[in-house]
Structure formats: structure tokens, C-alpha cells
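Residue numbers (the working numbering), protein chains in the order written: chain A, 1 to 668; chain B, 669 to 867; chain C, 868 to 1027; chain D, 1028 to 1357; chain E, 1358 to 1694.
The hints are simulated quantities; they were obtained by calculation from the structure and are not laboratory data.
Possibly wrong hints are sitting among the right ones.
Said to hold, decoys possible - Output of the computed footprint for chain A on chain B, the stretches with three or more beta carbons under 8 angstroms from beta carbons of chain A:
| no. | stretch |
| --- | --- |
| 1 | 724-737 |
| 2 | 758-772 |
| 3 | 801-811 |
| 4 | 830-838 |
Said to hold, decoys possible - Residues of chain A clear of chain B, computed beta-carbon distances all greater than 10 angstroms:
| no. | residue |
| --- | --- |
| 5 | Thr-18 |
| 6 | Arg-207 |
| 7 | Asn-227 |
| 8 | Asn-298 |
| 9 | Asn-404 |
| 10 | Gly-463 |
| 11 | Glu-486 |
Heads up, the beta-carbon is just placed ideally off N, CA and C, and yes, glycines get one too.
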Amino acid sequence: MSNDKTNKIGVYVCHCGTNISHTVDVAKVRDWAAEGLGSEGVVIARDYKFMCSSPGQELIEQDIKELGLDRVVVAACSPHLHELTFRNASKRAGLNPYLTELASIREQVSWVHTDKEAATEKAKAVVTGAVERVIENEPLEELKVAIHPDTLVVGGGIAGIQAALEIANAGKKVWLVEREASIGGHMAQFDKTFPTLDCAACILTPRMFEAGNHPNIELMTWSEVTNVAGYVGNFSVTIKKKPRYLKEELCTGCRICIEKCPTKVVDQGYEAGIGYRKAIYTSSAQAVPKYPVIDTENCNFFQKGTCKVCEKSCPTEAIDYEQKEEFLTVDVGNIILATGYDLFDARKVSNYGYGRLPNVFTSIEFERMCNAAGPTSGDIVLRDGKTTPKTVGIIHCVGSRDRNYNNYCSNICCMQSLKFAHLVKERTGDTVYDFYIDMRTPMKAYDEFYQRVLEEGTLFVRGKVAQVTDAARKASEEGKLMVQVEDTLIGKQRRIPVDMVILSIGMEPRHDAKETGKLFGIGCSANGWFTEKHAKLDPISTMTEGIFIAGTATGPKDIPTSVAQGSAAAARVLNMIMRGEVTLEPIKASVYQGQCSGCRICNSLCPFNAITFLEDRKVSEINPALCQGCGTCVAACPAGAISGTGFSNDQILAQIDGLLMDVTLADA
Amino acid sequence: MSKTPVEHVHARLDHDEDLSLLHEVSMKTAGVSRLEMCIQCGSCGGSCPSEMDMDHTPRTLFAMLRAGMREEVLLSNTPWICVSCYHCVVRCPQNVHITDVMYSLKSMAIQEKKYRDSSAPDFSETFVEMVEKYGRSYEFGLATRHYLKHSPLRMIRTAAMGLGMLKKGRLNMKPTTIKGMEQLTAILNKAKEMELAHE
Amino acid sequence: MSEQFEPVIICFTCNWCSYRAADLAGTARMHYAPNVRLVRLMCSGRLDPTFIMKALSGGADGVLITGCHPGECHYIEQNYKAQSRWLLLRRVLKGLGIAPERVKLTWTSASEGTKLTKEINSFVEEIRDQGPLAWHKNLQQEKQETSQHNPKQAPVEVTV
Amino acid sequence: MSKPKFAMYWSGSCGGCEIAVINIHEKILDVDANFDIAFWPVAMDAKVKDVEALEDEEILLCLWNGSIRNEENEHMAHLMRKKSKLLVSFGSCATEGCIPGLGNLFPVAELIDTAYTTLTTDNPDNIRPQTVTQVPEGEITIPAMKDRVHTLAQVVDVDYFMPGCPPESHQIAAVIDLVIEVLQGKAELPPKGAVIGAGHSTVCEECPRQRNLKAIKAFRRIQDVAPLDPELCILEQGVPCNGPATRSGCKARCPSVGAQCIGCYGPAEGVVDYGARLITAFASVIDSKDPEEIEQILDGIPDPAGQFYRFNLADSLFQAGAPAFKKNEV
Amino acid sequence: MSDYIFYPGCAMESNAKAYYDSLMEIAQPLGINLQEIDDWNCCGATEYVGINLIPAYSLIARNLALAAKTGQKTVLSPCSACYLNLAKADYYMAERPALGEKVNEALAAGNLQYTPGSLDIRHLLDVLINDIGLDTLKAKVVRPLKGLRVAPYTGCMVPRPDYNKRWSDPEHPTELIDVLKAIGAEVVAFPGGATCCGGHMTQIGPDTAYELIRRLISSAEKSKADIMVTVCPMCQLNVDAYQGETNSHYGTDYEMPIVFFSQLVGLALGFPPEKLGFGSEITSTEKALSRIGMDIPEAAITEGKQRQQEGLPMPLCMRKTAKTPECKRPCAEEAKA
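Could you put together the complete structure from these sequences and hints?
Here's what the structure looks like:
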């Protein structure tokens, strides 16, 4: 506790109308500050109806100027509401804004307590704590950092493509990194898109092509980010380029190698496991870039050492079996993560029989089946590859809204299911049953689409399907898939025989989202989705400055929202680039190197990689631009060598002293 | 005169939303019932193997609980038809302890003597009576007494089977009594004094 | 005023979760015991055991530590650091003969004003049951004894 | 011109500090050359009344070693304070209570009971010492134990602190050199309240072992780590080494020879509570988020209070364990 | 030899004597050492919980308290209902502390006490698979049951609700299938393997029960099983003893025998049928047994592999994808086999 009598502290107690004064005796608090805390340096204490009003703020400004106050405490509402207001008032009067403290006697006192006497005593303690703390406050200056004009976009799905194009079209350079062999993401697998039923390829391929050929976009497919160093404005990113076993500069994309390759394997990727590809392949004919890759696990040459058919057939001698992975380090100022989603594994819901009952399909399998370029050339058929179903059942919420699997609504499945119902009707004229719990069609033209599907004669059953089974109970059920469900609108169980079942499976965070989060220094929610800086007001920012986020990486979204987020993230990045420099909050940790023993205990504590160990001088150092100000290292340093501005040991210990002053005075 | 379910709901809603019945059942259920979490999806009613003999699906019953339809719920045969197969429990997306709620409803119905067919409650009570008397179940005693009271005809029908069971040593004529009967009685008597209504 | 013991409790809050939960409790006019005084930190990871010791030795009867739920830390995973420190501190307190229950850790998200209110109220009751810690008073009394020491009383001539 | 006066006094401590002073070898002659030794009971005969007869502040430098355990210690502390210009809290006992300070974990009556009833004590009549005893020759008194051990600075104003159990001889020699230089007008005294004869940082600074990122899955006793890697940080090998939190100045004596630091030099510059630094440091490097697993890992530190406060209890925020206050509880 | 606290349950003394007898035979060679709880009482089946909660749980908990007193940790129960009741009491006493406290208050009247979580409650099938192991079992087989087509009937209360997450799948558990394969039997696809036998409905609502029994038997018939195999006394009783009533109710003439898995394990281990309780069934096993009685081949059993021939490929078996290595559920190939 400092008893530095040279301080001149002003204390201002707000009535907040009657919000504070109806429970707290503000005059008593004021008098305590003036008399009880005079020895601590309080030279003036006032109370006022509304401190945050213009006259209230002017009162403070006037006192700072006339009385030469060097510290200000405002006892009012939560600092989350008006800290900035009063700091600015101090600033206008020429006082460093960080020498002003707010004592929350509304949210923490008058609104939550009823006993007037106890509330007043507590308010006094809170004010004392703030006074003791403010004595230890130090003037702080904001930090400014220059921004590198290049941007890294991670993920080449529709959100990433959109973001990359927006930035590139504004004339700034973008590194677009995609871990698959082609950009396009999940959208490239779809047949039609709801609710307008445009063909996904028709609207996506031009964008893919544009991104692949844009002079400002450096496209890096079959590549992964392996390291991120630096901080906002100055990231240094290491990218691993996996070997395609093919010299891109020689490949013309003629596809002869693919044609000649003798090995056919089930395509678990693009074709969702219901189609085949070769051991040298591109995801599709529209792949961007057009270069194939060799799947070494299935390639005869890599497995058995013979074959080389691709090499022999290549007219430009582009095949290179010796190719190794390469690492590339690039400097960027901002990063956009558009890493997308994984699909729920329907095999987990064993009562729906996926994986056991051949004619149970997932939504993504069905997308490929519907697609004219897909394995069945767009024919809707059973697993035997030829029989057209007569009756199809579509099940919503598979793996979603279910505590046994994912406890959230997957957003797109209702519309996806309706789209399937329409497609089945349109192409086969089948009887279609649609099993739903709640029909969620809130976006533009979505409910109209529901109306259309109703009109087309799809039979809707409200109930979560209990099981899909091939165990017949009577002769009429033989050879059918029985969908057993309570039709909740009549309150009876029904067993509906169908030929084909489509499971509308939900979205999941990428299986490696946690590692990705760690790599970029951003967090995941309990469900595993990346956490936004603010779910409503800043949905495309993360807690790490300079790292933005778009699309389904933060949670299930439809295409329009993903695209909008891609654009929004691009706008934020351009905003940063245009500003040229960024201002950072001065709440930071720093190492006093004379005191640092180099024990390295702090080194593994920082999730933002702000702490580095200087091998030559055997001390640790904190990069202020990377530091987010959490203070964990400050609390951990065994030598007391790390201090944190804004929340220093002295400030907090003094505040504790102040908060307990009534107790210690009584003990004395 | 008893009201129709719809009238009953209206009667309730005219006053205020009364969730006391829901809470009462929840409190009487072993473990944490999570009954208030039901989203009326019907995965219970869809799963139930004996639903065809129930007057209401479990889901409907839960809605009725919410609506405070005490009479109708307690008189429902649903809990008595429940075969404790736990299919609904593992499929419930909200992890409601459905089977245990059924047990609670049975015990409430027995306490308030609200059931349409006394056969099932009698069976349970007789079973428990035997257990309380001997510490072990006593199938022979249970079966004879139950059939005599409720379906003497069926007893004749199943006599041959029963005889077969006896002959094959699968039915003990005499009950087995545990040694610690006194201890068990003390425990059960103490237990009966308590109710799990308030926490 | 009734005779019952009114404990004084220092509650450390995280700027992003529990401090906001306290704001929410206020905005929603939830009521809780006035025995708790809040200290705002940027993160529960900032919590230095010194602060807790300072509070307990400086007049508080209990300390409530609050932070974001596991997996929801605003700074990714610093709340786990607070957890480890708390677990070790409890053992030290035990070694010093101080009931470890006087320091409690609870996770509270920004939306859990109700939970925070509940936790505060139940912790106040728990500390009430523990009784006063009176550490500061004890130190103070000894200090007074030391300084009041009458020099006439003591000196013993040491002669060999 | 007469030489300035020097004193050294020994209160509640083991005497190791006195030996450490003697261990400066021929440097001791410099002391004699530059000072008039006014009072040093270990080294030469002198009476308290001789000290009392001195003018106030007549002694220039007094090295006080030992804790304030009994009323005599306290009385002498006040006396020496009055008579000395510079009072140095010398060694761990005076500065932070040291091993005697661990007595603060128990009520004083229990300490006395233990001392007079242990197996090795031949005390068939179960006698306890009395502060006042009547003997044929008259009344004799012995000083009463205080309820707790205090550090010197808790009782009187102290000018400088010199940590260590005992302070390293090379540091003592350096301090003596400094004082002599000051006397000769060649150097200035450090600011009042400073820690002298030690570094600012912690033992790791002087420790030759290799240090890396730390992720600890188990704490073990040093004898259970076989063989201890001679090059690698001891803490990284799972042994709770107090080095990271303990003031430097000893040239990392223990870790350099394969033993973990036990913390005798006390906290680093500016640290409020030594034990708190170790709690937070050790807890921060535990590689687990699961409370149960963490508890298991912590089981590897069987006596955390003893480990963290072996030397520092009397000077810590708590100053004592709860039992020491028992008499204050109704 | 692994030690277990043994809770047989009432049925083992009466209608499921065959289960008891066969278990007693196979325990020794498989290394299962059973220590019966002294003076155990009935678990209350599915009846007591429907009458009065605290007494019902106190009744169960008396057994837990007695078992905990032995100092051993693992309780083995062969009866599904007993297993579930014991596991459930242990689980709920912890989940709902008020219940735990009250039950302990009642137990105190009998000078007993039980701390939830202090015992592992396990079913015989779980112990056989996870403690003894299929490899040990296979090694002990002297008479593989080749040619015997068995319908694996696990029933409800073992894989569901699975409080302690011990089972492979609540809907299509594989444990019983694996055991039966290990002893050389031919396991038929039996979609009703974990559905209900009707439980106590045979007593209080026979019409409901007949339907459930019919579904089971007709499904077993359809899959051309010689015999059904169960792990539960109630299932055995309902399918076996009430098959006649079911036949007369529907005018069918099913003759589907059902035995306990321990009985078949006993046969495979070389014990004579009479020592394993065969002959005590109401629906005769004679015909089924004759399929292996005459001809005891030595050859090892090989699983037939079926390839996807035509059409669209099936999804990968979960066991073969790295993401979920713990999966134990059956895959398409096995289901088809």
C-alpha cells in the first residue's frame, strides 16, 4: 500500500438516478472517501445524479484542471459500460486515461443487495479498493504496429474462395492454401443448391477458375500450414507443399495418365465412397488446379515398384516419383481461416443401420448420386446400382440436436432434406416420406421452398425416427426397410416400408480443429467449433488480432452465409491493410530481463506464442504485439521478473488491501 | 364428471401454467429425470416395442404431465405396458430417464389407487410382499396367488407348463428365506419412512 | 443486527466470463449476499496465489475463484493453469492448518448470472459454517504484544 | 583516530552463520584491521552492560544472525538497534525465520513438550523449564519463549538484509570489502532496506544445467530419479527444485552438484511471498488439465507447505500455521 | 484366476438353474473364481421400483453394502435384471446425492453403509470377453460347435442403458456374437438380438408379451437358427416356457429352443450336456443338439468373407477407419456373412 501523500485523487460517487442511491447511501460513501481516505491522497470527493452525463463528466474535467488531480476514481456502474467514457473525460482534461478507475457499485452493489446498511458498507469497501488500486496505476500508451499488405487465406471452400477473391480484386496479394488437391470444398460435391436449385457446379466452377488464375492469388493446393509465428501485421507462416509426384510446370492437364492408370479405388473423398477414382486422380474434371496427384497408398509403383503406366503415358514427362515435400515461408499481415467442417459419421447411429443396411444412404452420398457427373450419372438407384426405388424415406437431424452425438442444430439439414425430397420426386416420381422433428426454414425463400415440396406431395411425418430395420414383423414388411417412428401428430407408432433411406447428416467441427486452433492461437467452444471474438457483434474476428474467420469453421452455415462471411472477413482485412498500422490495448506483460533467471517456466504457458527464449542471453522475452494481456505468465514467474500493465501485482495487492480496509481497521 | 383432455388443458391454462405435476414426477424419479428437457420428438414412442397396447405414447404422456393432467396420466396404462427394454432411453436425444419415469408413475398410481386394471399393480405388490417376507422372490407363490386372483382360466391353461417347470426343477415349491430377514426388514421399514420428494 | 457471523469474502473474477456474469446478475436484479467483494482480473490465469494469501492473511475469511468453463477460456486454456495452482495451493493451506475449503474454484460463463449468484450464496454459507479465519486479527494481536513489550520485565543477565 | 565499532550477535539460530564468517579466512584480518570489535560473544568476551554503556549508534556495523525466538532475543534486538548505526539482518534466520521459523506451525507449548519428552531426553520427572525459579541463592530467571518466531525486521528497523543459510563466505567477504571501501570513501552504501551479498534474480540464473520447455507428468524425489541427468534442469526431470524461485548469489551450489535447491536464499527481489512463487511455478508446468490427474501428480510433492516454506515461513504472508494461533481462539 | 464377488440372483436358484449349473462348471476352467455374497437378497426385479423408490433402492443397496464389505471390487452378476438393478443403484446414488443419502440412512438401520462408485458391477458376458478374453476361451475349446446355427439373443438390460459404458453398442451389441463365434458356432444374422422378450408382461399382460415373443421366434426361424442363445433368465423363461402359449395364441407351431450361452460354452469346453442343465427346457433342444452331437469335427472355423460384387460400394466398416478405432459394432460384411 502506498501512502504517497503527493497523490491528488478525486473520487466521484454516482447516484445513477436512483439506481444506486436507492440502496447505497451515496453521501456516506462520499464522506468516507473524503475523510477516511484523505490520508491515502483523496483531495476531493463528490456525488452527482448522473456522472456519465455531460455535466457529470465536466465536473471531473474541471477538477482535474483546477485541483491538479493526478488520479480519478468514479464509483458508478460496471467498467464494461462506462470505463471508456470516464477515461476519455480524463484524457480531455489532460490526464492519462489509464489513471482513472471505475468502482462498480451498481451491478455489484445496489442492484444485487437489498440491505441498505450492508450495501453502503460494501460500496465503501469497493471504493476503497479502487482508490488503493488507482494509486498504483501507471500512465500507459497504446501500441502501434505496421501491417504487411499480403494475406493468408486457409481453406479453399466457397468461404475461402470468396474472401481471397475480394482481397485480390482490391489489388492486394493473397496466399490461398488448401490441403486437398483442388479448391471447391464441400460445395463442389453437391448437385443442386437450395432453395433456388441452381446447379452447384454452375455457380461454383467460375469462382474456382477465377481464384486459380487471378494474378493476385498465389494458389497453394495439396498444401498445409505447419507453423505460424509473429503477430498482427507481421505473421510469418510456414506452408508444407505435399508432393503430387508430378511437375506442375510441365503438366498440361490432359488427363491421359488418369485414363491409363490401371488401379481403380473407391473414392472416399470427392465421391463420398459411392464412386471410384484412379490411383492418379483429380477430384473431378473441373478441379482447380487441373494437376492430378498420385495416391501412393494405392499406386502400384509405390506399393510394388512396378507399373509406371502414368509416367510412360505422359506426353510431357511431367511425372516425378522422386518428388519430396517442400516447405515455404511467407510473410503476411492478416490471416483468414475458412477451414470448413466435417460430416457427422452416420455409422455411430446404429439404429439407423447405415453401414449395415445397404440401402441406407447419407446425404452426401445422395448428393453424388444425384449429380449428373457422379457415379450413377444422376440416376437415383439402390445400392445394387440398378434398381430405382419406389418409396424413399428422408430422415432429418441425424447426429444433430441429440445429446448422444452433437447437441446442436446443424442449420442446413432441413433445407437439404427438402431439396432431396424435391429431387427424388422430380426424377423418379416416387413416394417420399420426410421425417422431421421441427421444420426449420427461416432464411430468404426457404419456407417458400417448403411450401413447394408440400405441394409436390411429399408426405411429412413429424417424429424423430426411432429405427430403420430390415427385421420384418409380417409378410408385407419382407424385403423392405422399415422406418419405425412415432407420428407425434397422431400419437401413434408407425412402421413405414420404404426402399431407400437418406440420412440428413449434420456438420461437425473438423476432426483436427483443436490442433488448427492451437497452431493459430484461437480457441474452440465446447462443441469444438472455433470461437468468435463476439458471437453477435464480431462474428468474423477471433481473440487473436489479425486472425479472422469465415464460413462453417465457427459453426454450421448455409452457402449464402458462408459467402457473406468470406466477404466480411475480406473487408476487415482490407480495412487493416488500408489503415497501414494497428493500435493495440496497452494491457501487456513484459519481462524485466535483469531479473529473469532464464528458468523457462513461462515459455510453455503462452497460447499466443508471445514468449520467446533468447538462447544467447538466456532470458525470456515477450513480444508485446502478440501478447493478449491475460497475465498468466505474470502470475507464474517464480522470480517475479514479469510484470503486467493494467493489472500489476501492486495494483491488485493494493486493491485487496483496500477491499479489506474495514476489517483491518476493526482489528487494529 | 371427468373432463376431456382438451377441456382439462383449457381449465389449467385458464389459471396458470402449472408445472407442479411435472416436478412432482421428476422429484419422485431415481437419478435426474431430465423430464423438463423433453422436446416432444417421439423417439420414445417410435422405439417402444409394446406401444401398440398403450393408450398414450410416452411422449404424449410427458406432454400431458406438462399440462398438469394428473387424472389422465395416472390412469393411463402406458407405464404398466412398459417392458423396461430401455430402447427409448438410449435413443432419447435429451437423455430423459424415461423408464424410471414410468416406474415413478406406477408408484404414484398405486399410492393414489388410480389404475383401470388392478392386475399389474397387484402383481408388483404381491412380488414385493414376497420379497419383503422372505428376502428372495418366490415365483411359485407369486404365480399361484396372482393367477388365482386375476386369471384363474389362464392358470388352467398354463398348468401343464407349470407342472413341467416343477418337474424339471425350475420352480421351487417352498420359498427360500434369507438369514438377515430382521436386518432387511429394519432397512425397508426405515426406507419406507422416507420419500424422495424434497431436496 | 443479528449475532450471526458475517464472513468477508474476496472473489476473483475473469474479465470475460465471471465479471460479466456479475454484471448480468446486477442487470437482472438477482440478489446475493453482500459478503463478497470482487476483484477483476483479465483471466483466471492471472491469479497469483499471492493474491489469495494476501486476502486470507489480510482479513478475508474465504476466497472464491471464478473463471471460464473448461474449454471456453477467452485466452484458450489459461483457466486450466488457475485450476492447477488452486489444487496445489489447497494442499499448502492444509499444511498450514487452514481449511482448504476456504478457497473455492468455480467455473462461470458470462451468461451464468444465476449460477454465480448461487455459488456466491452457497459459498458464503460454507464460510459461515467454517467460522472466522481472523488471521489478520491474530497477527495484529501478536504485533501489539510485541510492541507493548515492557523492557523492564525481561532482561536476564547472561554471565558466564 | 579510533576505528569504527563492529558487532555480531547470535540469537535463535544454529551458529552456522558465525562459522561462515570465520570461513572467510584471512579476510577476517581486514575486519580486525578496520574495526574495533565491540561485541561478538562468539569470538570474544563482552558483557551486555558494556554495550548498554555505549552511546547510541556508536557501533557502526552490527551483523545480527538468528531469529527472534524468545524475550531475550527481542530485548537484545532493541538494544543492538539502538546502539548500531547499521543493523544487518544476517543470514536466513534473521531475515526470514529459517528452520526455527517452522516452529510457527505449532503452539509453543507443544514445541516445549516435544523437546522435553522425546525418547532421547532423560527427564524422568517430566520437568518443564520455568521462567522464574527460586533456588537457595535467590531467584533465577530464564527468558520466556515467544508465541511465534519473528524475523529481525518484524521486531526492529533493519538497514540491510543478507540472505542464506548460511550466507556464502565469498559473499560475506564481498560485503566486508564493500563496507571497507565505503569507510575509505571509495564506494557508497546501497539504499536502506537493500538485500546485500546476493543477486536479484534466482538460482537458475547461475545454474549451469540445460533448460528447455517444461511439461511435467510426475514429481519424484531426487533419489527416485536414477540416474539424474547431470546436464539437464532438475525440475524438468520431475524433481521439485526450488531454484526457479530462490534468490541467486550462491552460484547454484546445490544444483551444480546434483542436488535440488531447497531455497535457503529466500525470495527474489521484490517478491511478496516466496511459497506463492513456487506454488504457481510448479503448478504452471504440470502437463494435465484433468483435476484427478493433477492431484495424482501433486501427490509427488508430499509436504508442499514444508517444501515451499522450509526457510521462509516466518517472513511469509501467513507468517505461521494456524495452530500457532491456537491460544487466540476461544 | 480372477476373483469376483458373485451375486447369483433369485432366478439362478429356480427357473434358471441351468444357467447356474453351467456357470459353475465352466467357471473353474476359465479361471473365474466366484465368491458368493453371503446372505444376498432379491434385487426387486422390475417390480419394486414401480412401487416405492427408497425401499426399492435400499433393497438393492443392501446387496451392494454386503458386497463392498468383502473388500473385493468387482461384482459379477449373470442375470441381466440383477446386473442392471445393481449398476443402476450404484449410478443413481451418485447422480442424485439425495437418493444416496436416504438409501444410506435406511441401510444404517441395518448397520450397513454403501459409498456409490466403490464397486464395479459387471455382467458375466462382459467378464468373459474383457477379463478372460476370447483367446483364452478359444484355447479351451475342445469341441467346436460347428454346424450349430445359433441366434444370438442379448436382450435389453445388458447393453442398455449401459451406465458404465461397457458395451459395444446399445442396439447391435457384438459381445455375444463374438463368444459364440469363439466356440465355433455358426452365428446367424438375428436383427432382434437386442429386442425385448416381454419381460413381466407374460404375467400381467400376456397379449403384449405373446407379440414380442412371436417377433423374436419368427425372426430366429427366418434366419434358420437351430437354437436361440441368451444371457438372461427372464428372456430364457419367456421364450422357452411361454412359447406354447404364444403358439396357441397365434395358431403357430414354432419350436425354437433357447438356452443360456454358458451352456453352449460348457459344451464347447467338453462338458457333457447333462452337467450343463440341458433337459430342463420346456421347448426341447434335442433336435438342435443332434446337429452337433453326432458329428464333432476338429476343423477350425473360418469366417466366410463376402465381397461387394456389383453396384455402389458400401460404406467402410467403422473398425477399419482410423478415426474411431474403439468401434466394436458389426459392419456390413459381418452382418451379411
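A quick look at each hint next to the structure:
A stretch counts as covered by a chain when three or more of its residues have a beta carbon under 8 angstroms from one of that chain; for the stretch 724-737 of chain B and chain A the count is 4, and the coverage holds. Three residues within the 8 angstroms Cβ limit are the bar, and the stretch 758-772 of chain B against chain A gives 5, so the coverage statement holds. Counting residues of the stretch 801-811 of chain B whose beta carbon lies closer than 8 angstroms to any beta carbon of chain A gives 0, which falls short of the minimum of three for the stated coverage. Residues of the stretch 830-838 of chain B with a Cβ under 8 angstroms from some Cβ of chain A number 0, which does not satisfy the need for three, so the listed coverage is violated.
Every beta carbon of chain B lies more than 10 angstroms from that of Thr-18(A), the smallest distance being close to 32 angstroms; the non-interface claim holds. No Cβ of chain B comes within 10 angstroms of the Cβ of Arg-207(A); the nearest lies about 37 angstroms off, and the non-interface call holds. Chain B leaves Asn-227(A) outside its interface by the beta-carbon criterion, the shortest separation being 41 angstroms against a cut-off of 10 angstroms. Listed as a non-interface residue, Asn-298(A) keeps its Cβ farther than 10 angstroms from every Cβ of chain B; the least gap is roughly 38 angstroms.
Annotated as non-interface, Asn-404(A) brings its C-beta within 10 angstroms of a C-beta of chain B; the closest such distance is 7 angstroms. Not every CB of chain B is more than 10 angstroms from the CB of Gly-463(A) (nearest about 4 angstroms), against its label as outside the interface. Not every CB of chain B lies more than 10 angstroms from the CB of Glu-486(A), the least distance being 3 angstroms, so the non-interface label is violated.
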